[in-house]
Amino acid sequence: MLATLTIEGCIGTLTLNRPEARNALSLDLLEELHARVDEVSRRSDVNVIVLTGAGKAFCAGMDLRAVLDAPSLALTLLRSLADLTLKLRALSQVTVARVQGAAIGGGCGLTTVCDFAITHADSKMGFPEVDLGVCPAVVAPWLVRKLGAGRARAVLLRGGLMSGDEALAIGLVTLVTPAPTDLGPATDELVSRLATGGPAALAATKRLLNELDGSLDADIVRKGAELSARVLCTPEAQARLRARLTG
Amino acid sequence: MIGATIERGVATLTLRRAAKRNAMTPELLACLVTSIGQVSSGARAIVLAGEGTVFCAGFDLSLCREHPDGSVMRALLSGLSDVIVALRDQPRPVVMAAHGAAIAGGCALLGAADFVITNDDAKIGYPVARLGVSPAVSAPYLRLLVGDGAARERLLDSRLISGREAAGIGLATQSLASAADVGPAAQATARALANTPVEAISATRAWLHEVEGLGDAPWRALRASLALTGEEEERRMLPKAWTTRPTDSPN
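So the protein lines, in turn, are chains P and F. Note that the first sequence covers residues 1 to 247 in my numbering. Note that the second sequence covers residues 248 to 498 in my numbering.
No wet-lab data here; the hints were simulated from the structure. Predicted, not measured: the structure shown is a model, and the values here were computed from it. Just to be clear, a hint being listed does not mean it is correct.
Residues from chain F shown here face chain P by an in silico Cβ test under 10 Å; the list is partial [as the list claims (entries may be wrong)]:
no., residue
1, 248
2, 249
3, 251
4, 253
5, 280
6, 363
7, 367
8, 390
9, 420
10, 423
11, 446
12, 462
13, 463
14, 464
15, 466
Now the stretches of chain F that chain P is said to cover, found in silico as 3 or more residues with beta-carbon under 8 Å [to be verified]:
no., region
16, 263 to 277
17, 294 to 302
18, 370 to 380
Coverage of chain P stretches by chain F, computed from C-beta distances (three or more under 8 Å per stretch; other residues unrestricted) [as the list claims (entries may be wrong)]:
no., region
19, 43 to 56
20, 132 to 144
The beta carbon of each residue, even a glycine, is placed where N, CA and C say it ideally should be.
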C-alpha cells in the first residue's frame, strides 16, 4: 500500500508509504491518499489526524518523471493534488503534519493545508518550483492563507529551500524540535492535547475558519492546477526537469 | 528625478531627489511610471531605491502648502496609486531597497514590492492622519502584507516603527543591521530572481495577484483618500506638518 491509515483511539495516522522514492507523489500514491482520506473522513470516532511519511523524508514533492514522457499526464497529476488539498482541508478532524527530513514542493503543500505542522530544526522545507521553471500555483492559495500574501510572495518567488527553524520563523510550521528524534514525542504531546478538545467544538471551529479564509473555494485551487500544468509543459520547464531528473 | 539602469537583467530605478529626502512630487511620480514601463520588458527583475540617506520621506508637503485647494495633494495621491499599480501590473519581480526611512507615501510604495529590504534603525510608517490626510490608498496592500490587525494599527497610529519591527510584522522581507548593506542586498536578491526561469516567475507572480483577489479595492481606496483632500480638516491640519513631528518613540 502506498498510503496507509492506522487508528488508535481517537487518533488517526495517515502515512505516505513510498520510502524508496522519498514518498514522491506519483499518481498512484495520490489516488491511494484520496481513498484513505475519504475513509477517515467517515470516521466520527477520530478527531485528530497525523499526516506523516515513512522513511527518512516526509515527501520529496511531485513525482514528475512520468510527466517527462507524457506531458498530458501533468494536468491529471496536478488536479489530483489540488483535489487532495481541498479534501484534506475540508476534513472535520484537526490535522497535524509531522515532517521529518524534507517536505518539498507539493509535499510542502500538503503540510500547508494541515492545521498544524511540526518539524525538526534542520529539516528541509519549501517550494523550489520556480528554480525548475515550474509555477507552484496549486499551493499558492494555501500558502497565502497560511503566511499572508507578502511572505507567501517572497517564499514562492525566491524558490529554494529553508530549514525547519526558518519555516518556524515565517509561520510555515507551528513547532520545531531540536533533533529529528524529538519529533515523535513532541507530535504525540501536541496530538494528545488536541485530542482532549470536544470533537463537535473542534469541528465547528474548523468549519468556521475554513469559511472565513476562503478555504472552501475549490475553483481557485483547481484553476491553479491548470495553470501549473500549462507552465510545466513549456519548453523551459521541460528542459530543466529533464536535466534535473536524468542528470 | 529618476535614475534608470539595466545591468545583467536587473533594472535599477532610483529616486534622485536626495536634497529633499526623495520627497515625491507629481512630476517625480509621473516620471517613475514612465520609467517602469520602459524597463519592465528589457529586465528580468526591478530594484527601486532612493539616493542619499533615506529611501523616501513621503510627499513633498511644501508643494501642498502652496496649493490649499488640494490640487497638488490630489495629483500626489493619484500619482502614487499609479506607481503602485504600474509596479504590480508589470511582469517582473520588484525588490525595494528601503534604507533609512520609508514614510507615508514612501511607506505606501512598499505595498507594490515582492521583496522589501530595510535596516534595523529605519523609520517606517504612515504618520498622515495627523495632517488630515487619509492613508486609505495604502490599505489594500498593507492588509495583504501584515494582516488586518496590524494594518489597522499602522494606518491609524502615527507612530513610526523601526525596520526591525517592520520585518517582524511582515511589512519588510528582511531587516539588516546597517543601512549601507541594504542596496547591495537588494541587488543580490534581484540578481537571484533574474537568474530564475522568467516564465515561471511571471506566471507565479500573476497568479499570486489573482489569488490575492484585490479586485477594485485599490480604486476604492484611492477614492477614499481623495475624498478628504482640499477639505477643511486637511487645510487646518496640514500646515502643522512644519511645527510637529511624528513620534517614533516606543508606544
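Hints, verified against the model:
1. For residue 248 of chain F, the interface hint is violated, since its Cβ never comes within 10 Å of a Cβ in chain P; the closest pair sits about 28 Å apart.
2. A cut of 10 Å between beta carbons decides the hint on residue 249 of chain F: the least distance to chain P is about 24 Å, and the hint is violated.
3. At about 22 Å, the closest approach between the beta carbon of residue 251 of chain F and any beta carbon in chain P exceeds 10 Å, and the interface hint on this residue is violated.
4. Hint status for residue 253 of chain F relative to chain P: violated, with the closest Cβ pair at about 20 Å, above 10 Å.
5. For residue 280 of chain F, the suggested interface contact is broken, since its CB lies about 22 Å from the closest CB of chain P, more than 10 Å.
6. Here the hint on residue 363 of chain F is kept, as its CB sits about 8 Å from the closest CB of chain P, short of 10 Å.
7. For residue 367 of chain F, the interface hint is violated, since its Cβ never comes within 10 Å of a Cβ in chain P; the closest pair sits about 16 Å apart.
8. The interface hint given for residue 390 of chain F holds, since its Cβ lies 9 Å from the closest Cβ of chain P, which is under the 10 Å cut-off.
9. Of the supplied interface hints, the one on residue 420 of chain F holds, with its beta-carbon coming within about 5 Å of a beta-carbon of chain P, less than 10 Å.
10. The criterion of a C-beta within 10 Å of any C-beta in chain P is not met by residue 423 of chain F, whose closest approach is roughly 15 Å, and the hint is violated.
11. Annotation: interface hint on residue 446 of chain F holds; nearest CB of chain P at approximately 6 Å, less than 10 Å.
12. Look at residue 462 of chain F: its Cβ only gets to about 13 Å from chain P, farther than 10 Å, so that hint breaks.
13. Look at residue 463 of chain F: its Cβ only gets to about 17 Å from chain P, farther than 10 Å, so that hint breaks.
14. The beta carbon of residue 464 of chain F is not positioned within 10 Å of any beta carbon in chain P (closest approach about 13 Å), and the interface hint is therefore violated.
15. Against a cut-off of 10 Å between C-beta atoms, the interface hint on residue 466 of chain F is violated, since the closest Cβ of chain P lies about 19 Å away.
16. Taking a C-beta to C-beta cut-off of 8 Å, the region 263 to 277 of chain F contributes 0 residues in contact with chain P, too few for the three needed, and the coverage statement is violated.
17. Only when three residues or more bring their CB closer than 8 Å to a CB of chain P does the claim for the region 294 to 302 of chain F stand; here the count is 0, and the claim is violated.
18. Only when three residues or more bring their CB closer than 8 Å to a CB of chain P does the claim for the region 370 to 380 of chain F stand; here the count is 0, and the claim is violated.
19. Counting residues of the region 43 to 56 of chain P whose C-beta lies closer than 8 Å to any C-beta of chain F gives 0; at least three are required, and the coverage claim is violated.
20. Only when three residues or more bring their CB closer than 8 Å to a CB of chain F does the claim for the region 132 to 144 of chain P stand; here the count is 9, and the claim holds.
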